[in-house]
Amino acid sequence: MNATIRTILEIVRKEFIQFRRDPKMFAISFIAPVFQLIILGYAATLDVSNIPTVVCDQDNSSISRDLVRKFSSSGYFTIVDDVRRLNQIDQEIDDGKASIAIVIPEDFDRNIASGESAPIQIIADGSESNSAGIGMSYASMIVASYSQKILIQSLQAKGLASRIPGRVDAEVRVWYNPELRSRNFMVPSVLALLLMVMTMILTSLAIVKEKETGKMEQLAVSPIKPYELMLGKLLPFLIIGVIDVILVVLFTNVVFDLPIKGSLVLLLGLCLEFLMTTLGLGLFVSTISRTQQQAMLTAIFFFMLPMIFFSGFVFPIQNMPPIIQYVTYFIPLRYFLVIIRGLFLKGVGMAALWPQTMALLVFGIGIMSMSVFRFRKRLG
Amino acid sequence: MKRQRPVYRIPKLNVIPIARKEFRQIRRDRRALGLLLLIPAMMLVMFGYALNFDVKHSALGVYDEDNTKTSRDFANLFFNSEYFDHTYQLHDSREMDDLLDDGTVLGVVVVPTDFSENITSGSEAPVQIVVDGANANTATTVLGYINAIIQQYSSNVMAKTFSRLGGQEIQMPIDLRPRIWYNPELRSAKFLVPGLIAFILTIAAVVSTSLAVVREWEMGTVEQIIVSPAKPVELILGKTIPYTIIALISTVTILLAGYVLFDVAIKGSFLWLFIVTFVFLVGSLGLGLLISTVAGTQQVAFMIAVIATMLPTFILSGFVFPIRNMPPIIQAVTYLIPARYFLVALRSIILKGVGPSAFWDQFLLLSAFATLTLAASSIRLRKLLQ
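Sequences listed follow chains A and B, in order.
Position one of the first sequence corresponds to residue 1 (our numbering), numbered consecutively onward.
Position one of the second sequence corresponds to residue 1 (our numbering), numbered consecutively onward.
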């Protein structure tokens, strides 16, 4: 037993010496995650505001200008240009200078005064479907409330003022993220993605590297047992991973002013659990590849990209086709995202998170034993 | 490069033999070659089907405290709405917490006890809407749906009352006519497919060359290169050519898959699409080579390649997150991401069908990027070989 521990520690020491010798490894392992967290955390926002808008107000009456003002003062739209002719809109939207166009035709003012329905047109650049959809729904809300205001004014003028039925006043309350900042939702997710990427790139070349450079033969004839070698390889990465967890959690808290609503101890514990699965996946990749290039391609295309896209990071899982939804159950990041969002935003505890915790545990144990098994076979 | 007869001291570039050698080496690793050729199209198919932002199949809760004919009419609009798959009837205000906490519903509409009284008497009838804001994007969409339903209810009631009172039909003064260009059904696939193409190609290109130089070091074949008469520029070009061909083939398969499966046809010019893609690929492959000359070991090259491309391209290129919503400093950082320029050009050509007037600046920046990475990697390589 003592000999085993000594052997493992010896391998760990050797790995760390190698690690220390390469200053690039140090920078990549500790500085890159923090750097990326800050930049990507600030960048990952789906909030739609200041949509560049071009106005074509052919009516140019006080009422049409008032409506345009409603748009510009809403905060959702920024008027970037004011054009007279309709075909100028084409150019602006084609070139991407504006994403939304408001067209108010000539007799807008007259139609409203005469009680007829006054058409206006909103054109949205659908090539950015998400922003276009949200922009359209903001625009219709602005127009509807303006429309209602005009209606009520004209009815008041007719003396029907006080009794207008059917006025529903929606009082909106937003839970968990009152300002509806998508950043609050994204930053914990970016944290999870970073941990996944960092730990997987650390381990997925670990064993194939020795194999390709011919050191594996030396190890095979040495008295080191496969599991000792495995543990010795894994421990340094685990330590690096834990330091990364502490760094990114700390910076999330400080830089983004995003307090952890749940328990910090639980958060660190579950991060550790997640590290086990990603380190295990990396090792697994390393054992099934013959060259480092293969390992790299396999890790990126078969593991990391599906994790990014199928985990529910930006694309909601419930929108995916049923078959893909089943696939997402095999994506450990899926469970970890629920955990980390729950802990950061909702402040839930183990009571709500145990299914995800169990799933991650099963994954971690499963993938670790699989890579040990593969590894043993290769050495044998 | 094509010049056969050297004029004075301009030497002939020995690119072809190096490219041929590189080709042979790539071919030997069947799995890697297969991955590089087929994976991009496969990724597009998988992700193209799976990903969209549409908020469908979401659930809502309605808590009708009033429970009168009027309030039930109002609530029924939510139950029958096609926006929501399930609408749960709540019987207790405490149920709301549970349904929202475990994510069963995205929002709850609370109709207070005095709702029908307010509606019929003509005063404002407050209704409370509680939404799960954790995912701000979804929450905004859900709020939009709920508001649309409420608006519809309001105008119905108003119209009915007035036609009962005066006979004259009432309509809303402004008639909004929305039109959406380029992508009328607002299908996320159309928005995402060009983004996926840029994303997948960036990764495939950078990754495929990032080990190309450093491998020679680790495998000990670099001595042969040092003693060979090949110049660094020739080496860099020779290593780029095979990968450019591979990447162009996978681009064609990607575009075909996009057209056949997602109905994303190329509206603009094929020639410009080819030119832009070619320049982008050369630049990205050059970036891979640069990483390869800087790294020292394959492990470090791999790590730099992943860190420099995967998440930054995903998040900073405008692929899913609109760049104009980012803080100004981060917007400045996005200029370092070549996929950003490529994406603008791709969307302009594929979706809008517009010519180079819409993306010439992007094209110039892409060309600068390609020149820069190739030059920098040649210089690095010269230093290494000395």
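Don't read these hints as lab results, they were simulated from the structure.
C-beta: ideal position from N, C-alpha, C; glycine also.
Be aware that a few hints might be false.
Said to hold, decoys possible - If you want a taste of the chain A side facing chain B, the calculated C-beta under 10 Å gives, among others:
id : residue
1  : 157
2  : 185
3  : 186
4  : 190
As the list claims (entries may be wrong) - Beta-carbon label-pair distances, calculated as ranges:
id : chain 1 : residue 1 : chain 2 : residue 2 : range
5  : B       : 249       : A       : 95        : 30 to 36 Å
6  : A       : 22        : B       : 274       : 54 to 60 Å
7  : A       : 22        : B       : 383       : 36 to 42 Å
8  : B       : 120       : A       : 358       : 49 to 55 Å
9  : B       : 49        : A       : 243       : 56 to 62 Å
10 : A       : 17        : B       : 274       : 47 to 53 Å
11 : B       : 335       : A       : 82        : 24 to 30 Å
12 : A       : 265       : B       : 331       : 46 to 52 Å
13 : A       : 156       : B       : 360       : 25 to 31 Å
Hints and how they fare:
no.	hint	verdict
1	157	violated (13 Å)
2	185	holds (5 Å)
3	186	holds (8 Å)
4	190	holds (8 Å)
5	249(B) to 95(A): 30 to 36 Å	holds (32 Å)
6	22(A) to 274(B): 54 to 60 Å	violated (41 Å)
7	22(A) to 383(B): 36 to 42 Å	violated (18 Å)
8	120(B) to 358(A): 49 to 55 Å	holds (53 Å)
9	49(B) to 243(A): 56 to 62 Å	violated (39 Å)
10	17(A) to 274(B): 47 to 53 Å	holds (50 Å)
11	335(B) to 82(A): 24 to 30 Å	holds (29 Å)
12	265(A) to 331(B): 46 to 52 Å	violated (38 Å)
13	156(A) to 360(B): 25 to 31 Å	violated (55 Å)
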